[in-house]
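Engineer: Sequence:
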Amino acid sequence: MRGLYVHIPFCSQKCHYCDFVITVNRSDAMRKRFFSSLQKEIEFVKRKYGTLIFDTLYLGGGTPSLLDSGEMSHLLGILRSDFEFQDGHELTCEINPGDVSEEKLKSYRDLGINRASLGAQSLNDQLLQAMGRTHSAGDIVKTMELLQKTGFDNVSIDFILKLPNQTVKDVQNSIEKVVQLGAKQVSLYDLDVHEKTVYGRLQKLGKLDLPTDDQHEQMFACAETVLSAAGFFPYEVSNFARPGFESKHNLIYWHNQEYLGLGPGAFSYMSRRRSQMTTDVSQYLSKCEAGDFTSETDDMISAEEHEIENLMTGLRLSKGVNLNEFILTKSRFSGRLDLLVEKKLISRSDNRVALTRRGRFLCETVIQHLISKE
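Heads up: the sequence shown begins at 0 in the working numbering, then just goes up one per residue.
Keep in mind the hints are simulated off the structure, nothing from the lab. Virtual Cβ for every residue (Gly too), placed ideally from N, Cα, C. Incorrect hints may have been included.
What the hints assert, rightly or not - Here are the computed distance ranges between Cβ atoms for each label pair:
1) Thr-296 with Glu-42: 51 to 59 Å
2) Gln-217 with Ala-28: 44 to 52 Å
3) Asp-297 with Asp-152: 33 to 41 Å
4) Ser-68 with Ala-28: 14 to 22 Å
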């Protein structure tokens, strides 16, 4: 399996938690520069790899749903003329609530987009406003209704946990509502406070009231309980889906398979080499226009590092990993594994190990303990 990710950097404004590679400049000139630069990057990729075949296509950002129907048609036309896609491939577009009309969504469907990822983050208007989001809870409901009306049966919803002043009840109400609205996947993301964001500056001033670790765990447990009762299962630590609606593109990441990233800030993992061309929109445009496609980050992954990455990503999946697949590195972590089993953070059946419920909540800590060289 191989996936294609295309980063669309445009946003109407920057949210208070956002540390992504975006621009709020959506002028006609900027949009033309972006598409021209993207075309140049694609031509470089074709020279480097030949004609690539992909199983999934994911349009992320930024806010891809800010593209009008003509721009989306142009974008998909470029991609389909320069790459090949498997029949019936999953084509996801990230959508911001309130950005889309019925007409735009119909055109997206006609263009072959068959999966939507809705950046809801919360259904509490006060929390949305505090995050700097441009939409309301009502916009989320309306957009979900429009998605269903226009034939989008496969809709995933993103939520953020551990927001300032967020409560367990907020999480419960939000999750219950989107289940009622027909979501097929729910993705939970913990707030990560970055220094150069509004939240980062507030935290530095001691003005960011974040939930405690216990409250955070209660939020995660509450979300799991509501979703499990509604027929969702955690196929990955932070992703819950109804059977058959697991994100094929995300599973490429969790199985540590190849993916190509295009656009500013996008990562690629091809031929066991991980690279990122830029971390800045202006730099991306300037480099592409100058024919400079050198990578700001470019790491060759050794066979041993590849196994460790397989462990890190594979443990996030509900089925866990088979220890027999870690020929080079098993001796490095096998002793620590017994301790994690004893602490009920990992379960073991013969040679297969997987995270327990509490292990899923403490996933990052568990994995770092397991792979640490100390």
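Engineer: State for each hint whether it applies.
Structural biologist: Going down the list of hints, with the structure as the test:
no. : hint                             : in the structure
1   : Thr-296 with Glu-42: 51 to 59 Å  : violated (22 Å)
2   : Gln-217 with Ala-28: 44 to 52 Å  : holds (49 Å)
3   : Asp-297 with Asp-152: 33 to 41 Å : holds (40 Å)
4   : Ser-68 with Ala-28: 14 to 22 Å   : holds (20 Å)
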